[in-house]
Amino acid sequence: MDYKLSFRIVLLLLALAGISIAVARSVQTGMPFLPGLERSVWLVEARIDFDAEGGPITASLSLPDAQIPGFELVEEQAASPGYGFSIIEEDGNRRAEWTRRSASGEQALYYSAQLVESGAQQSPQEPAPATRDAHPIYWDEAEKLAASAVLRRARQTSSSAESFTRELIKLLDDTDADQNAALLRAGESDRARLLMNLLEQEGIITRSAMGLRLEDARRRQTLTPLVEIYTDGEWRLFDPQSGAMGLQPDLLLWHRGGVSVLDVTGGSSSRLSFSMIQQTVTATRLVSSVNSDSIFNTIGMHALPIEEQSMFKLLLLLPLGAAVVVFMRVLVGVKTAGTFMPILIALAFLQTSLIPGLISFVSVVMIGLVLRGYLSRLNLLLVARIATLIVLVIFLISALSIIGYQMGYSTGMTITFFPMIIIAWTIERMSILWEEEGAKEVLIQGGGSMLVAVLAYLLMQTPILKHLTFNFPELNLVLLALILAMGNYTGYRLTELRRFRDMVQG
Amino acid sequence: MLSQLRTIRRMHALGVMGMNCRNVDYISRYNERKLYPLVDDKLKTKLLAEEYGVSTPTLRFVVSEQHEVDSTQAKLEQLDNFVLKPAQGSGGKGILVVSAREGSEFIKNSGVRIEFSDLRRHMTNILAGLYSLGGTSDRVIVEDVIAFDESFTNFSFEGVPDIRVIAFRGYPVMAMMRLATHASDGKANLHQGAVGVGLAIDSGACLNAVQYNRPITEHPDTGYNLKEIKVPNWREILMLAARCHDMTGLGYLGTDVVLDKNAGPQLLELNARPGLAIQIANGTGLLPRLRHVEGLPDSRRWSASQRVDYVMRQFRQAEQVPAE
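Those protein sequences? They're chains A and B, same order as listed.
If you count the first sequence from 1, position 462 lands on 461 in numbering that gives the first Met the number 0, and the numbers rise without skipping.
If you count the second sequence from 1, position 48 lands on 47 in numbering that gives the first Met the number 0, and the numbers rise without skipping.
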């Protein structure tokens, strides 16, 4: 009894500690408990890597304008020890410049910006570009012929500069199109460059732009090349890959105009990559976060670099999934195949979204079971059998991705988020279960795993729970107390009521 | 919802033990983890049983490495009948019974004739861990076949009836007999459709019989009246279960026993996590009896024989279980 009492006190203390730290954090930093009271903020971090050659270094990065369509730049920072940093304006183009007298070896420079989504879609009016001589374009004879043929086809099916550009993108993209387009594609691998060359050949004024696709918790993203054409007194934006016109809502226009995005002098092999994370931050906090010396800003997740933050966003959801598994097994009595396999599946669902994830997972496991049925006739040793399954699962996933992609579902690709080894083991165990206990048991355990995975997924993708676990990590102590309490539950499981019902009524 | 609450109340009244209660209050409290290998590995159980003089089918030899498999042919051809089984198998998986031999052909229990090459493949599978928990590599046990007591042939279809006794701190508290049926495919596994017969702890007589958790009175395949079952050598069976506690040190232990017509009760295997179905077969819960045994003084160091006499007096009939 004494032991039980002290155990309960520990549980209570854990829960109390979690809740009181969370309340203190909320009071101190103004972080609300509900995500709805906040504005959505994108934290974008640009990272420049290069090898310094020992001499003076100047690195210059083009920055987004203060008024970017769809966004509002709230704050920007640069972190690069040993470097001088300034933001300069050059022909209406904002650039960040890092300078240093000498350095050698690998260098990493960071620039981060906080952007708030705003309603304003229109970019500010810009003066018409000075008509300038088209760039001299060097094409060999065959390319010149091909270019004029492609331009003629596009001209025939279009009526304006916009529709001409759209048709041209379609012609260039069409994989089975005529040899002319194929020849041009082979000559110039940069699709945006090729499009601009052709458009300028046609006398349309163009300029290049760079966009950044905003996706929560992404790392190592690169810029997407875009093309703008000048027509009817304004610039129109085109995506040279998809042909979409105008600015997509998830696209941040990072750079416009002909100047290069990144210039590094005194260094080589320079690379530019982006990490980003979507945060929900109160308007007051937005301003105070940097200057505040509150303890919670040092021990909170926001103190970490964005790259790590996006990882923790996912990691801090895991306790929630674990609690669901404990609940379903201990209190409900659902049978699952593999204790924590459902959490891994739920994590994968977070990447793939539910329905496509569910369909692809179930189909891979089903096809795998059929193949495994054949393998069992080969009398392989266990380790070899699982290894064979892993290879087969990878083939299956590649095949499904390719088929899905060809049929126009890019969601087919997301199947790669599933942990392969786990799938192979699941197939192996399910197959043994099938042989030993029959198909019914496979359905019970497979269905149980799916049920738990879907429940865990539904909880893990709830905005308020995502918000709480990430912004108030101490609330996981409450979850821990809950898990410990369930671990000590000795009452009946829900499924046992059914099992023993006939016995107690007889 | 209300009927669910009523079910819970009745289960409480009968002292039905749930899975969580078994795991937290009994298995994790009374079964030391380090003792598990003694029962999970049947070879260890067997050697221990021989050491303690608990009767178990005689061990002929053990195959532990793949290269030994070919040399077993000569040894097997000297035996008239034998059983091949994995040391770490569970639930009767991977057990092959050869009941007779004609020249180079072996005749299985079911009458199917097989060659040595079939036996060799079976042994290879066992060694590779096909039947072991977690798929770890395993060993093959070759032992004598049990000559089954014929008093139960009418009650079991195709398979062999065995008796499961749960002993708590060395006191046998509940017992049942498992009868294979056509539905269970000759296996004595209750959730696959075998019949469970609850046995009175003082006499070994049938108390109650169930299939698929529902009460029945006749064997579904043979039609025999299950109420007529009364297990012979009952005290010996309880003694065997009680002594298995002394031999392993496990506080909450399931003992599977088979009756040999010549040698009497034989220990087949032990289980450190025995299931809950025995309560359904007996039509009553384990908890009152477990709590009674928990209430006995720790200082009491009784012999197996004294403990068996005690439970045969104490837990006479399901109806007479003393209230808490």
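Check the hints yourself; a few may be wrong.
Said to hold, decoys possible - Examples of chain A residues lying across from chain B (beta carbon under 8 Å, computed):
{"#": "1", "residue": "156"}
{"#": "2", "residue": "159"}
{"#": "3", "residue": "502"}
{"#": "4", "residue": "503"}
What the hints contain is simulated information worked out from the structure, not anything from laboratory work.
Backbone N, C-alpha and C fix where the C-beta goes; we use that ideal spot for every residue, glycine too.
Hints and how they fare:
1. Among the interface hints, the one on residue 156/A is violated; its C-beta lies about 63 Å from the nearest C-beta in chain B, farther than the 8 Å criterion.
2. For residue 159/A, the shortest C-beta to C-beta distance to chain B is roughly 67 Å, which exceeds 8 Å, and the interface hint is violated.
3. Hint status for residue 502/A relative to chain B: holds, with the closest Cβ pair at about 5 Å, below 8 Å.
4. Taking 8 Å as the C-beta contact cut-off toward chain B, the hint placing residue 503/A at the interface holds, the least distance being around 4 Å.
Hint check: violations occur at hints 1, 2; the rest are consistent with the structure.
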